[in-house]
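Q: If you're matching them up, the sequences are chains A and B in order. The first sequence: position 103 = 102 (numbering that gives the first Met the number 0), numbered continuously. The second sequence: position 72 = 71 (numbering that gives the first Met the number 0), numbered continuously.
Just so you know, the hints here were simulated from the structure itself, not pulled from any lab data. There may be inaccurate statements among the hints.
[Unchecked claim] Facing chain A, a subset of chain B residues (Cβ under 7 Å, in silico):
#1 E110
#2 I122
#3 K125
Yeah, the Cβ is synthetic: ideal placement off N, Cα and C, and Gly gets one too.
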Amino acid sequence: MSKRGTRSVPEISSGSMADIAFLLLIFFLVTTTIANDRGIALLLPPKIEDEPPPEVTKKDKNIFKIQANSKDELLVEDEILEDLDELKEMVRKFILNFGDPTKEAVETYNSLPPSLKRYVNEHGRQDDNSDGPDEAVVSFKADRGTSYELYIRVLDDVNAAYNEIYAERIGLSVDEFLALSKRKEEEKELYESARVGLPRAISIAEPTKVGG
Amino acid sequence: MGYGKFKKKSKAGAAISTASLPDIIFMLLFFFMVTTVLRETELLVEQDLPKATQLTKLERKSLVAHLYVGKPLNTQIYGKEPKVQANDVFVSLPEIVRWVAQEKDKLDEVERDQLTVSLKVDIGTKMGIIVDLQEELREANARKILYNSLKKTAALGG
Numbered sequence: 000m001s002k003r004g005t006r007s008v009p010e011i012s013s014g015s016m017a018d019i020a021f022l023l024l025i026f027f028l029v030t031t032t033i034a035n036d037r038g039i040a041l042l043l044p045p046k047i048e049d050e051p052p053p054e055v056t057k058k059d060k061n062i063f064k065i066q067a068n069s070k071d072e073l074l075v076e077d078e079i080l081e082d083l084d085e086l087k088e089m090v091r092k093f094i095l096n097f098g099d100p101t102k103e104a105v106e107t108y109n110s111l112p113p114s115l116k117r118y119v120n121e122h123g124r125q126d127d128n129s130d131g132p133d134e135a136v137v138s139f140k141a142d143r144g145t146s147y148e149l150y151i152r153v154l155d156d157v158n159a160a161y162n163e164i165y166a167e168r169i170g171l172s173v174d175e176f177l178a179l180s181k182r183k184e185e186e187k188e189l190y191e192s193a194r195v196g197l198p199r200a201i202s203i204a205e206p207t208k209v210g211g
Numbered sequence: 000m001g002y003g004k005f006k007k008k009s010k011a012g013a014a015i016s017t018a019s020l021p022d023i024i025f026m027l028l029f030f031f032m033v034t035t036v037l038r039e040t041e042l043l044v045e046q047d048l049p050k051a052t053q054l055t056k057l058e059r060k061s062l063v064a065h066l067y068v069g070k071p072l073n074t075q076i077y078g079k080e081p082k083v084q085a086n087d088v089f090v091s092l093p094e095i096v097r098w099v100a101q102e103k104d105k106l107d108e109v110e111r112d113q114l115t116v117s118l119k120v121d122i123g124t125k126m127g128i129i130v131d132l133q134e135e136l137r138e139a140n141a142r143k144i145l146y147n148s149l150k151k152t153a154a155l156g157g
């Protein structure tokens with residue numbers, strides 16, 4: 000009986016507690032995903048009023064038409080496009096054509112860096128393509144049965160064509176251009192300077208209801 | 000005199016050992032780590048987001064409202080057709096206008112027109128429902144939208 004009081008309680012080593020805590024900390028660090036709000040931005044047209052939409056007065060050659068049917072087949076400028084990878088280059092050629100430039104478009108051309116000027120002179124100046132970047136509109140019309148995957152793919156490629164031109168114009172890589180923050184004054188100015196005279200004109204047409 | 004009577008026996012035992020304090024703190028930390036659930040909407044639809052390269056980041060999280068579109072996870076109750084989920088419930092298309100109004104109410108008056116609707120759409124969805132949804136968003140005057148997508152790695156994409 001008297002022995003019990005003097006018996007020493009065995010100590011549990013707490014030295015490894017810190018390690019356990021660190022392991023848990025690292026585990027949660029790795030597994031926690033922070034919600035990412037990144038994607039392709041788009042501005043929808045204003046609310047449809049009772050009056051019919053304005054007549055399209057643009058020349059046909061100033062509209063780059065992309066149509067998709069419910070079988071996910073693409074019709075680009077009234078021709079079937081098999082290889083989606085070509086789309087970006089086609090859009091680029093269309094924007095930078097300067098076929099019959101207005102005074103503003105000539106100014107835009109003069110502001111381009113040499114690499115883009117060379118591109119225009121090599122690939123552009125076609126009579127059957129757009130008059131100039133200020134007139135050019137990319138129109139995308141999807142069917143109700145088109146998959147979202149294709150829709151995003153096309154939208155991404157058209158955006159890529161624009162962003163590559165913008166980035167090249169101010170001498171940045173595309174990733175650097177996309178990272179420009181519109182909340183910082185200088186970066187916003189840089190962003191605006193890239194787009195001057197070269198508006199990103201993407202029109203999402205009302206979809207057809209007929210199948211493919 | 001009888002002074003000795005009140006003399007303290009010894010000083011030993013006065014200090015409480017603080018050796019176990021870290022353990023208590025850790026226990027508390029673990030307890031809260033395990034029980035805390037981050038407020039997140041529970042997904043009721045399939046979510047396999049598309050991949051894209053030209054991603055823009057949303058500048059202000061407070062101005063974003065999320066809509067989830069996809070095939071319901073519980074197909075036995077909700078069927079196989081894609082549905083729209085807002086917060087924790089499914090919403091029908093005519094309810095979108097009201098939902099937008101609610102989301103706008105949460106913002107400051109000056110920022111109401113800057114609301115961005117982030118569409119998290121499953122890759123297998125057809126465009127039909129998305130077009131209808133966009134029509135409702137136009138009606139509700141929430142015109143800034145974002146097709147939420149993941150970063151496509153350069154090695155895979157052309």
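Q: Enumerate the violated hints, using their earlier numbering and listing them in ascending order.
A: Violated hint (a single one): 1; every other hint is consistent with the structure.
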